[in-house]
Amino acid sequence: MHFIFDAGTTARLYLPDVSSRNLLEIYGRFPGEIHAPSLVLGEITAAWLAGVRAKLLTLAEYDELKSAFLADVSNGRIVIWSDDTLHNAVVEIQEMNSSMLGRQLEIRTWSNSAAHLAVPRIETSDAYYLALARVLQEANPRDRAIVVTNDNAAWTVARSLGMEAFHGRTCDLGIGHTHVGAPGANFPQGRRCIPCQLDGCPSHFRIDFDGAPPNLGSGIPRQQRTHA
Amino acid sequence: MIDLSPRVWPSYSDLARSLGVRLTSFKRLRPVDRLVAARVTRKVGNEIKVPPAKAVDLLTEAGLSAEAASREVSKIVQRRMARVPALADDRVQGLVPSTVGSMQGNALKRVFYAPPNRPTGPTQPGDEHIRGLHRRLAGRFVPVEDYLRSKGE
Numbered sequence: 016m017h018f019i020f021d022a023g024t025t026a027r028l029y030l031p032d033v034s035s036r037n038l039l040e041i042y043g044r045f046p047g048e049i050h051a052p053s054l055v056l057g058e059i060t061a062a063w064l065a066g067v068r069a070k071l072l073t074l075a076e077y078d079e080l081k082s083a084f085l086a087d088v089s090n091g092r093i094v095i096w097s098d099d100t101l102h103n104a105v106v107e108i109q110e111m112n113s114s115m116l117g118r119q120l121e122i123r124t125w126s127n128s129a130a131h132l133a134v135p136r137i138e139t140s141d142a143y144y145l146a147l148a149r150v151l152q153e154a155n156p157r158d159r160a161i162v163v164t165n166d167n168a169a170w171t172v173a174r175s176l177g178m179e180a181f182h183g184r185t186c187d188l189g190i191g192h193t194h195v196g197a198p199g200a201n202f203p204q205g206r207r208c209i210p211c212q213l214d215g216c217p218s219h220f221r222i223d224f225d226g227a228p229p230n231l232g233s234g235i236p237r238q239q240r241t242h243a
Numbered sequence: 057m058i059d060l061s062p063r064v065w066p067s068y069s070d071l072a073r074s075l076g077v078r079l080t081s082f083k084r085l086r087p088v089d090r091l092v093a094a095r096v097t098r099k100v101g102n103e104i105k106v107p108p109a110k111a112v113d114l115l116t117e118a119g120l121s122a123e124a125a126s127r128e129v130s131k132i133v134q135r136r137m138a139r140v141p142a143l144a145d146d147r148v149q150g151l152v153p154s155t156v157g158s159m160q161g162n163a164l165k166r167v168f169y170a171p172p173n174r175p176t177g178p179t180q181p182g183d184e185h186i187r188g189l190h191r192r193l194a195g196r197f198v199p200v201e202d203y204l205r206s207k208g209e
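Chains as they are written, first to last, in the numbering used here: chain B, 16 to 243; chain Z, 57 to 209.
Think of the hints as simulated: they come from the structure by calculation, not from any bench. Just so you know, even glycine gets a beta-carbon here, dropped at the ideal spot from N, CA and C. Keep in mind that a hint or two might mislead.
Reference listing, derived: stretches of chain B covered by chain Z, where coverage requires no fewer than 3 residues with Cβ under 8 Å from a Cβ of chain Z [claimed, not checked]:
no., region
1, 94-101
2, 179-192
3, 214-224
25 Å max Cα-Cα, derived SDA-like pairs, lysine to any residue [unchecked claim]:
no., chain 1, residue 1, chain 2, residue 2
4, Z, 110, B, 43
5, Z, 99, B, 44
6, B, 81, Z, 169
7, B, 70, Z, 195
8, B, 70, Z, 205
9, Z, 131, B, 44
10, B, 70, Z, 185
11, Z, 110, B, 152
12, Z, 131, B, 48
13, Z, 131, Z, 90
14, B, 81, Z, 206
15, Z, 131, B, 43
16, B, 70, Z, 138
17, B, 81, Z, 72
18, Z, 131, B, 90
19, B, 81, B, 39
20, B, 70, Z, 127
21, B, 81, Z, 90
22, Z, 110, B, 153
23, Z, 110, Z, 72
24, B, 81, Z, 104
25, B, 70, Z, 135
26, B, 70, Z, 187
27, Z, 131, B, 159
28, Z, 131, B, 91
29, Z, 110, B, 81
30, B, 81, Z, 202
31, Z, 110, B, 156
32, Z, 131, B, 70
33, Z, 131, B, 155
34, B, 81, Z, 107
35, B, 81, Z, 199
Whenever a hint applies, use it, and build me the whole structure from the sequences.
Laid out in structure tokens, this is it:
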């Protein structure tokens, strides 16, 4: 399996939030199989530095986060690929996304619930991650390439292009229902889930690597769910 | 990798080792014959060097996946660069022309941000280091996703 982490999930490997639980499972189990294009360094350091400017992180903590990431790259735990040989795939991804924009997409989960989502516009930076997933898949047709993101739009675009995608914030609400993010006011036990946070999270969701369901059993973000 | 000094290109011995065959057997492989015929190899000291892109093609033809071949060649190049610090510095500071407009299709080219002879903080981050970071930063709400979408500042 190949996991393509975007900037959000790469940053969350080191700076924890509720998604880090799922991300660390992949990190611990698949060293050398987490991939990203080289622009990821610029993206994650920009986000961490914004945290420093907002006084949510110290500069020393920022240095430590950056060093940990670079050491993972250096040790081969995270594999970085040049952006410069992906540009044709980026253009293709953006062209396909543009032609599908706004189209309704029916997505079924492993547990056979369905959602209808409109295809959103992809950000150019996200297109690099999806381009890498596509090129990795073409280079290794027998393997699975799975986009791992915390971004709802990137997740939806990946699925619209026929890629496997796992949402890092997939949980089971503590009651066995696959979900993404804060459940909202209509969830009776949901008070402690708003805001969605690792501390006190009731979820028992674990990625099923042995069964390896499609999209690793990902929840569907912001869906209007109907049960089949 | 195309513009790297031949000093850091993989040698026949490196590639034979990567394939787990003896040097004499390696030299008899058909792709190696083709390399010789194409006159793309260089002799540096006692070693015969193969341009990295050709080395990836050769390993791929010998049965490795494109990704594994690329990873293997990158490892060899990085190892050799580490032995020649001046070359590593050149690589880091130099500008490399883009392939935009000149490349057909797509390719995978592995990159390392810093040559391995430069310290990049902890050398073995692994699970334990990350779990330590998480323990210290737990409960700290930093809206990384908002910052990535430029909404947070």
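Structure-based check of each hint:
no.: 1; hint: 94-101; verdict: holds (count 7)
no.: 2; hint: 179-192; verdict: violated (count 0)
no.: 3; hint: 214-224; verdict: violated (count 1)
no.: 4; hint: Z:110 to B:43; verdict: violated, 34 Å
no.: 5; hint: Z:99 to B:44; verdict: violated, 42 Å
no.: 6; hint: B:81 to Z:169; verdict: holds, 12 Å
no.: 7; hint: B:70 to Z:195; verdict: holds, 15 Å
no.: 8; hint: B:70 to Z:205; verdict: holds, 19 Å
no.: 9; hint: Z:131 to B:44; verdict: holds, 22 Å
no.: 10; hint: B:70 to Z:185; verdict: holds, 23 Å
no.: 11; hint: Z:110 to B:152; verdict: holds, 22 Å
no.: 12; hint: Z:131 to B:48; verdict: holds, 16 Å
no.: 13; hint: Z:131 to Z:90; verdict: holds, 24 Å
no.: 14; hint: B:81 to Z:206; verdict: holds, 20 Å
no.: 15; hint: Z:131 to B:43; verdict: holds, 22 Å
no.: 16; hint: B:70 to Z:138; verdict: violated, 38 Å
no.: 17; hint: B:81 to Z:72; verdict: violated, 36 Å
no.: 18; hint: Z:131 to B:90; verdict: holds, 11 Å
no.: 19; hint: B:81 to B:39; verdict: holds, 17 Å
no.: 20; hint: B:70 to Z:127; verdict: violated, 39 Å
no.: 21; hint: B:81 to Z:90; verdict: violated, 44 Å
no.: 22; hint: Z:110 to B:153; verdict: holds, 20 Å
no.: 23; hint: Z:110 to Z:72; verdict: holds, 14 Å
no.: 24; hint: B:81 to Z:104; verdict: violated, 38 Å
no.: 25; hint: B:70 to Z:135; verdict: violated, 40 Å
no.: 26; hint: B:70 to Z:187; verdict: holds, 22 Å
no.: 27; hint: Z:131 to B:159; verdict: holds, 24 Å
no.: 28; hint: Z:131 to B:91; verdict: holds, 9 Å
no.: 29; hint: Z:110 to B:81; verdict: violated, 34 Å
no.: 30; hint: B:81 to Z:202; verdict: holds, 19 Å
no.: 31; hint: Z:110 to B:156; verdict: holds, 22 Å
no.: 32; hint: Z:131 to B:70; verdict: violated, 39 Å
no.: 33; hint: Z:131 to B:155; verdict: holds, 20 Å
no.: 34; hint: B:81 to Z:107; verdict: violated, 32 Å
no.: 35; hint: B:81 to Z:199; verdict: holds, 17 Å
This entry does not satisfy hints 2, 3, 4, 5, 16, 17, 20, 21, 24, 25, 29, 32, 34, going by the numbered hints stated previously.
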